[in-house]
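There are 2 protein chains.
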Amino acid sequence: MYMGVKERRKREKEQRRQQILDVARELCMRKSYFEVRMEEIAEGAEVAIGTLYLYFQNKDEIYATLCEEGLDILNRLIEEALQEKKDSQARLEAIGRSYLTFYAEYGSYYDVLSFVGMGFKQIGLSRELETRITQKSDAAIARLETVVREGMEAGEITGGDSKEVAFFLWGLLEGLIFIHRRGYMNAWSVDLASTSTKAMDAINRGISG
Amino acid sequence: MYMGVKERRKREKEQRRQQILDVARELCMRKSYFEVRMEEIAEGAEVAIGTLYLYFQNKDEIYATLCEEGLDILNRLIEEALQEKKDSQARLEAIGRSYLTFYAEYGSYYDVLSFVGMGFKQIGLSRELETRITQKSDAAIARLETVVREGMEAGEITGGDSKEVAFFLWGLLEGLIFIHRRGYMNAWSVDLASTSTKAMDAINRGISG
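One line per chain: the protein sequences are A and B, in this order.
In this text, residue positions in the first sequence follow this note's numbering: the first is 7, and each later residue adds one.
In this text, residue positions in the second sequence follow this note's numbering: the first is 7, and each later residue adds one.
I should point out that these hints are in silico values taken from the structure, not numbers from a laboratory.
Keep in mind it's a predicted model, so treat the numbers as computed, not measured.
Among the hints, a few may not be true.
For lysine to any residue, the following SDA-like pairs were computed, each having C-alpha atoms within a straight-line distance of at most 20 angstroms [unchecked claim]:
hint: 1; chain 1: B; residue 1: K65; chain 2: A; residue 2: E41
hint: 2; chain 1: B; residue 1: K37; chain 2: A; residue 2: S38
hint: 3; chain 1: B; residue 1: K92; chain 2: B; residue 2: E75
hint: 4; chain 1: A; residue 1: K37; chain 2: B; residue 2: E41
hint: 5; chain 1: B; residue 1: K169; chain 2: A; residue 2: W194
hint: 6; chain 1: A; residue 1: K169; chain 2: B; residue 2: A146
hint: 7; chain 1: A; residue 1: K37; chain 2: B; residue 2: E136
hint: 8; chain 1: A; residue 1: K204; chain 2: A; residue 2: Q95
hint: 9; chain 1: B; residue 1: K142; chain 2: A; residue 2: G189
hint: 10; chain 1: B; residue 1: K204; chain 2: A; residue 2: R211
hint: 11; chain 1: A; residue 1: K142; chain 2: B; residue 2: R188
hint: 12; chain 1: A; residue 1: K169; chain 2: B; residue 2: K65
hint: 13; chain 1: B; residue 1: K204; chain 2: A; residue 2: S38
hint: 14; chain 1: A; residue 1: K37; chain 2: A; residue 2: D117
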């Protein structure tokens with residue numbers, strides 16, 4: 007009986023935590039991160055402001071947690087995409103597809119993530135929070151770089167430096183998504199899926215060993 | 007004598023306008039556009055708030071003017087880059103270089119521009135201001151698309167749709183700059199110039215007719 011209550015409380019706590027994160031993600035998408043206030047998050051999640059602070063120390067911690075959730079999804083998609091693919095070109099294409107899927111199906115996480123360290127206005131997260139996000143973000147890049155390196159070792163990919171090749175493959179999709187997200191493709195009647203496929207094909211031809 | 011005074015006043019007015027824009031650009035780089043206040047711009051430019059409103063109706067108009075200045079520079083760089091280059095690959099590479107130069111040498115304009123319509127938090131400029139910016143931005147894309155189309159007509163470029171090829175060339179550099187701007191390249195000891203060159207080479211091989 008006692009354990010039942012404890013279990014239920016734990017489950018309720020987890021549900022409330024998730025509700026807070028959902029509201030925060032929604033708010034971060036609708037307006038600037040800087041404009042989102044803890045009071046609004048509490049209100050949206052239907053908890054008292056004091057309760058909100060029992061779950062998260064501050065707004066940055068909520069934000070960092072959302073980034074981590076997003077990166078966990080991305081890393082899972084990448085691993086799933088790599089399960090069956092054998093040669094390097096197919097593996098690179100699979101990673102590319104998983105990035106596009108992440109953008110298409112988990113767009114709210116993509117938006118939150120693409121805000122990290124935006125150069126012209128750093129958020130200024132604590133070193134601890136930044137480290138937490140950076141580790142999961144590095145895992146995704148490292149996975150891509152490994153596939154490129156293995157392809158080079160197998161003689162299937164040329165282009166010199168595996169890090170550089172990994173970065174320009176990533177850059178290609180990041181840029182296409184960026185341009186799409188800002189509405190330029192719609193304005194020019196250009197399709198993201200078709201353009202990405204052709205871009206990946208072209209770059210695959212350009213780097214085949 | 008009368009003309010002299012009129013001329014001087016006109017010059018002073020232009021100088022003050024430019025000073026306002028310089029301060030605004032600086033502020034937009036240091037913090038969120040949403041956080042920048044007209045009072046701060048006035049203070050930084052050493053003009054009364056009432057004077058500021060004689061020059062610009064509102065913050066959005068200042069922002070749009072900065073975007074236009076940036077796009078004028080970019081379009082000039084592209085035209086200069088295309089002056090001497092003859093074959094399609096060389097012309098595309100020249101446009102690519104001019105975009106990288108724009109980022110490297112006019113980074114503050116790049117930052118202001120890359121903020122336009124950022125998807126997850128639209129600024130909500132008036133239709134008139136948005137149209138002003140869009141025209142100059144479209145000119146840059148149109149120039150790139152024309153070079154691709156001419157290359158396809160000359161049989162020097164393959165890849166089907168000239169708009170799609172233009173967009174993925176643009177996407178490639180936009181993404182590399184985005185990744186660089188967010189600090190990922192430094193963290194991985196990857197060089198932007200070298201990576202861009204290799205990326206452009208690879209994609210050039212991939213689309214040569």
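Each hint tested on the structure:
Our distance criterion of 20 angstroms between C-alpha atoms is met by K65/B and E41/A, whose separation comes to about 17 angstroms. Simply put, K37/B and S38/A have alpha-carbon atoms about 12 angstroms apart, close enough for the 20 angstroms limit, and the pair holds. About 29 angstroms separates the Cα atoms of K92/B and E75/B, which puts this hinted pair outside 20 angstroms; it is violated. A hinted pair counts as satisfied when its Cα atoms are at most 20 angstroms apart, and K37/A with E41/B qualifies at roughly 12 angstroms.
Distance restraint check for K169/B and W194/A: the Cα-Cα separation of roughly 8 angstroms lies within the 20 angstroms cut-off, and the hinted pair is therefore satisfied. A distance of roughly 30 angstroms separates the Cα atoms of K169/A and A146/B; the hinted pair therefore is violated under the 20 angstroms criterion. Simply put, K37/A and E136/B have alpha-carbon atoms about 19 angstroms apart, close enough for the 20 angstroms limit, and the pair holds. A threshold of 20 angstroms between alpha carbons decides the hint, and for K204/A with Q95/A the separation of about 14 angstroms falls inside it, so the pair holds.
A threshold of 20 angstroms between alpha carbons decides the hint, and for K142/B with G189/A the separation of about 15 angstroms falls inside it, so the pair holds. Under the criterion of a C-alpha separation no larger than 20 angstroms, the hint pairing K204/B with R211/A is consistent with the structure, at around 14 angstroms. Our distance criterion of 20 angstroms between C-alpha atoms is met by K142/A and R188/B, whose separation comes to about 16 angstroms. Taken as a hint, the K169/A and K65/B pair is broken in the structure, with Cα atoms around 42 angstroms apart against an allowance of 20 angstroms.
As the CA atoms of K204/B and S38/A are separated by approximately 36 angstroms, the hinted pair breaks the 20 angstroms bound. About 11 angstroms separates the Cα atoms of K37/A and D117/A, which keeps this hinted pair within 20 angstroms; it holds.
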